[in-house]
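Participant: Dock chain B against chain A, hints included.
Next come the chains, spelled out residue by residue.
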Amino acid sequence: MQKTIFFLSLVFGSILCKAQYNNLWIPDTLSGTNFNLNLVDTFAQLRPGNQTITAGVNNKFWGPTLIFNQGDTVHMNVQNNLNDSTTVHWHGMHLPAVMDGGPHQIIPPGTIWQPYWKVTNNAATYWYHPHLHNMTMEHLTKGLGGFIIVRDPIESTLALPRTYGVDDFPIVLTSRGYDAMNQFTITNNINISEYGDYMLTNGTPNAQVSLPKQYVRLRILNAEIERGYNLGFSDNRTFYIITNDGGLLNAPVAVTRVKLMVGERIEILVDLSTNNVGDTLNLKAFNSALPFGFPGAEPQQSGLNGSLLNNHDFTVLHINIAATTATPVTTMPATLASNTYWTAANATVNRTITVTPGSGIGLAEFAFDNTPFSLNTINKTVNINTIEEWTIVNSNIFSHAFHIHDVQFKIVARNGNASGVGNYESGWKDDVYLPKGESVSFVTKFEDYSDSIHPFMYHCHFSNHEDGGMMGQFVVVAGNTTGIEEATQTPKDFSVYPNPANNKLYISFDDPNMQAYYIKINNAVGRTIYMLPQPQLRNGIDISNFSSGIYYLQLTDEKTKSTITKTFIKE
Amino acid sequence: MKNKTLKSFLLLAATFALSIVFFTLQSFRSENKSVLDNTISDFSLKNVDEKTISLSDYKNAKGFIIVFTCNHCPFAKLYSQRFNDLNTKYSSLGVPLLAINSMDTAMYEDESFINMKNKSTTEIFNFPYLCDNMQTVGKNFGVDHTPHAYVIWKENNKWKIKYSGAIDDNGEEPKKATPYVANAVTELLENKQVSMPVTVSVGCKIFFRK
Numbered sequence: 001m002q003k004t005i006f007f008l009s010l011v012f013g014s015i016l017c018k019a020q021y022n023n024l025w026i027p028d029t030l031s032g033t034n035f036n037l038n039l040v041d042t043f044a045q046l047r048p049g050n051q052t053i054t055a056g057v058n059n060k061f062w063g064p065t066l067i068f069n070q071g072d073t074v075h076m077n078v079q080n081n082l083n084d085s086t087t088v089h090w091h092g093m094h095l096p097a098v099m100d101g102g103p104h105q106i107i108p109p110g111t112i113w114q115p116y117w118k119v120t121n122n123a124a125t126y127w128y129h130p131h132l133h134n135m136t137m138e139h140l141t142k143g144l145g146g147f148i149i150v151r152d153p154i155e156s157t158l159a160l161p162r163t164y165g166v167d168d169f170p171i172v173l174t175s176r177g178y179d180a181m182n183q184f185t186i187t188n189n190i191n192i193s194e195y196g197d198y199m200l201t202n203g204t205p206n207a208q209v210s211l212p213k214q215y216v217r218l219r220i221l222n223a224e225i226e227r228g229y230n231l232g233f234s235d236n237r238t239f240y241i242i243t244n245d246g247g248l249l250n251a252p253v254a255v256t257r258v259k260l261m262v263g264e265r266i267e268i269l270v271d272l273s274t275n276n277v278g279d280t281l282n283l284k285a286f287n288s289a290l291p292f293g294f295p296g297a298e299p300q301q302s303g304l305n306g307s308l309l310n311n312h313d314f315t316v317l318h319i320n321i322a323a324t325t326a327t328p329v330t331t332m333p334a335t336l337a338s339n340t341y342w343t344a345a346n347a348t349v350n351r352t353i354t355v356t357p358g359s360g361i362g363l364a365e366f367a368f369d370n371t372p373f374s375l376n377t378i379n380k381t382v383n384i385n386t387i388e389e390w391t392i393v394n395s396n397i398f399s400h401a402f403h404i405h406d407v408q409f410k411i412v413a414r415n416g417n418a419s420g421v422g423n424y425e426s427g428w429k430d431d432v433y434l435p436k437g438e439s440v441s442f443v444t445k446f447e448d449y450s451d452s453i454h455p456f457m458y459h460c461h462f463s464n465h466e467d468g469g470m471m472g473q474f475v476v477v478a479g480n481t482t483g484i485e486e487a488t489q490t491p492k493d494f495s496v497y498p499n500p501a502n503n504k505l506y507i508s509f510d511d512p513n514m515q516a517y518y519i520k521i522n523n524a525v526g527r528t529i530y531m532l533p534q535p536q537l538r539n540g541i542d543i544s545n546f547s548s549g550i551y552y553l554q555l556t557d558e559k560t561k562s563t564i565t566k567t568f569i570k571e
Numbered sequence: 572m573k574n575k576t577l578k579s580f581l582l583l584a585a586t587f588a589l590s591i592v593f594f595t596l597q598s599f600r601s602e603n604k605s606v607l608d609n610t611i612s613d614f615s616l617k618n619v620d621e622k623t624i625s626l627s628d629y630k631n632a633k634g635f636i637i638v639f640t641c642n643h644c645p646f647a648k649l650y651s652q653r654f655n656d657l658n659t660k661y662s663s664l665g666v667p668l669l670a671i672n673s674m675d676t677a678m679y680e681d682e683s684f685i686n687m688k689n690k691s692t693t694e695i696f697n698f699p700y701l702c703d704n705m706q707t708v709g710k711n712f713g714v715d716h717t718p719h720a721y722v723i724w725k726e727n728n729k730w731k732i733k734y735s736g737a738i739d740d741n742g743e744e745p746k747k748a749t750p751y752v753a754n755a756v757t758e759l760l761e762n763k764q765v766s767m768p769v770t771v772s773v774g775c776k777i778f779f780r781k
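Respectively, the protein sequence lines represent chains A and B.
First residue of the first sequence? That's 1 in this note's numbering, and the numbers climb one at a time after it.
First residue of the second sequence? That's 572 in this note's numbering, and the numbers climb one at a time after it.
Rather than coming from a laboratory, the hints here were simulated on the basis of the structure.
All C-beta atoms, glycine included, are put in the ideal place defined by N, C-alpha and C.
One should not assume that every hint holds.
[Stated by the list, open to error] Listed below are several chain B residues computed to face chain A (Cβ distance under 8 Å; list not exhaustive):
hint : residue
1    : HIS643
2    : PHE646
3    : TYR679
4    : GLU680
5    : ASN741
6    : GLY742
7    : GLU743
8    : CYS775
9    : PHE778
[As the list claims (entries may be wrong)] To list a few chain B residues with every Cβ distance to chain A over 12 Å, as calculated:
hint : residue
10   : THR610
11   : SER615
12   : LYS617
13   : ASP628
14   : GLN652
15   : LYS688
16   : SER691
17   : GLU694
18   : ASN697
19   : CYS702
20   : THR707
21   : LYS725
22   : ALA753
23   : GLU761
24   : LYS763
25   : SER766
Chain A on its own, in the form it takes in the complex (with noise of 0.2 Å):
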């Protein structure tokens, strides 16, 4: 009998000490200043079996990491090759908000969108998602989305570990649910969990990787529905978050858990230098006796708000350290950055926003002040160049991840108090945790992009709350400069040429004064080719891909925003 034990023992040790582990899934980088971004319908063999449709960016699940430098004008290409429409949200960027790839800018089946910015955050790390109202979470189910790194200066000189893929990996945390015939149970459904069952790192599922003896730095990303990450290695060292959302914090900060919310980022190091080669450790999510609001904290394995990873803690990436590499990073440098942030008194405008529930109709659990999301309601106006405190209060009865557009900003209180916030969030956030029954404040500044027309979004980023309504928008308005004269003006006419056209299609304007503000390009049967938000013109528009027939352009000038429509041969 004892040697039957012993046996089983034997054997059941050895498949748990062999567990099926996949090689974690790097994404390729894209780099320079133009991106082609390619969003089609695939699938992928995420479990044995029946492969799971999934959706991807250039590739099967989750998308390329797009390397922008600060300072440099990017050009993005996004063509949607889905049988659907959706929207591309470029994720902490500081950017128009008609390039800004929220709710407004849809992109039909078939579209190419042309948004460009030039790059003014710092560096860190960001994302790029779909934010199609109603749809956000069944597009992120799918797996659209990729990484943003971008590089600065000041970063630069740092002796920072950035080797990609080497000693600088990017790691996007997510987890879903299977049905029988494998395919993500996931959806705009309020009777199924919108909390996973298993664990998709980089969307490898049973992730490991190989890293190298010395300092590393991990990009970790959360981009679930739901679920946050209470985060730390399994033999419980210290590691060091070097930045927040949008830049490198002024000093590492040391610490042996951190909870990383949805949408939010954090690089951090780790210093793997006291490791033997062969040895393993386990980034875990230590999630199990957290207080109920934590999202994932909920008892139930199955069911409504049920998971198999929920009230647990679990590995989200196996790793096996590797010999050190030929130009290791041996030492952690003692102060980073010398950020200067906006404090509570620099604020001129202070606004409450507080958490209210929703209609209770479908995903509709929660609002902001009573008032549920619609398209066509601008719930905020904000003056460009004011420096803003908003007060988050949250006396509902779950906790939320409350996310900004256009923004960086600092926190300055947890529940009215300064010394309430963490070091460990002292840098820039564009996404704050905001618990149940808390309040979050955070100083901002609406800088250089105004739009009367287009707005930008804030909402709660567990993407089932969002989709339910729990999100807002604002305008940036130019104060006193956008008035009676401009928009009483009459529109100006505008002419293509050459028509017929071959390759480029060039515009002339009556008044050389006129801009642009939206061209939109519809061939014979009112498909969209083209979406081109502020459009450059003066090296024309590239049409050489563009079937012969006839077309439609769309111009909305920029100052009165009227819309005149030109026809147009394509040869």
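Facilitator: Relative to chain A, chain B alone:
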């Protein structure tokens, strides 16, 4: 000033609202026809060879394998060879395969008739590939994904759905798959009940114009 700004905003907002309505309409889906409510009326659709095909053209057919597929769907693309194999095996036994594309050709250029012709030629389809550009046949079947298969059988001169679902249960590894459609046709040819009349198909959503 405010009124003017408001006006132009409302105009844009209305455009946005309209596009939202439009795209919501896109996601209209009809109920998948169950095996109980299962009579399919004959249809006439244009094949890639420009000839129109109806079920009634096949005087000796005992049944049909009707597969809804399309040009662009990567998961549907995996099945081209299996469609040829099914047609080779069962058309001689009186159960030919007809492929139908019910995707919204107005919305999705990849699904155009010319691209269907190209696909049929390139992938050497040995079966008709029919263009349901009005989406009426797709709606009548209640299909919502590609690839999705129906096996219909002639009973009292009516066409009855005997199987609805996936071709099999593994897109990329046909050798590991349970061949649902082949099993259903084999059972019907042996005058047996289909033991698994409904399965879940996966793939690309078909959006119906209203």
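Participant: Beyond 12 Å from every chain A Cβ: check whether that's true for ASN697 of chain B.
Facilitator: 25 Å, holds
Participant: Does the interface hint hold: is PHE646 of chain B within less than 8 Å of chain A, judged Cβ to Cβ?
Facilitator: Check passed: Cβ of PHE646 of chain B comes within 5 Å of chain A, closer than 8 Å.
Participant: Per the CB criterion, is GLY742 of chain B less than 8 Å away from chain A?
Facilitator: 5 Å, holds
Participant: Can we trust that LYS763 of chain B is non-interface, i.e. its beta-carbon lies farther than 12 Å from all of chain A?
Facilitator: At about 25 Å from chain A, LYS763 of chain B clears the 12 Å cut-off, so the statement holds.
Participant: Minimum Cβ separation between GLU761 of chain B and chain A greater than 12 Å?
Facilitator: 27 Å, holds
Participant: Holds or violated: is there a CB of chain A closer than 8 Å to the CB of TYR679 of chain B?
Facilitator: Check passed: Cβ of TYR679 of chain B comes within 5 Å of chain A, closer than 8 Å.
Participant: In terms of Cβ atoms, is chain A entirely out of 12 Å range of LYS617 of chain B?
Facilitator: 18 Å, holds
Participant: Minimum Cβ separation between CYS702 of chain B and chain A greater than 12 Å?
Facilitator: About 16 Å separates CYS702 of chain B from the closest Cβ of chain A, which puts it past 12 Å; holds.
Participant: Measuring from the C-beta of GLU680 of chain B to each C-beta in chain A, is the shortest one below 8 Å?
Facilitator: 5 Å, holds
Participant: Hint validation: GLU743 of chain B versus chain A, beta carbon distance must be below 8 Å. Holds or violated?
Facilitator: 5 Å, holds
Participant: With 12 Å as the threshold, tell me whether ASP628 of chain B passes as away from chain A on beta-carbon distances.
Facilitator: 31 Å, holds
Participant: Should the label of GLN652 of chain B as a non-interface residue stand, given a Cβ cut-off of 12 Å to chain A?
Facilitator: Nearest chain A Cβ is 16 Å from GLN652 of chain B, so the label holds.
The structure agrees with every numbered hint stated previously.
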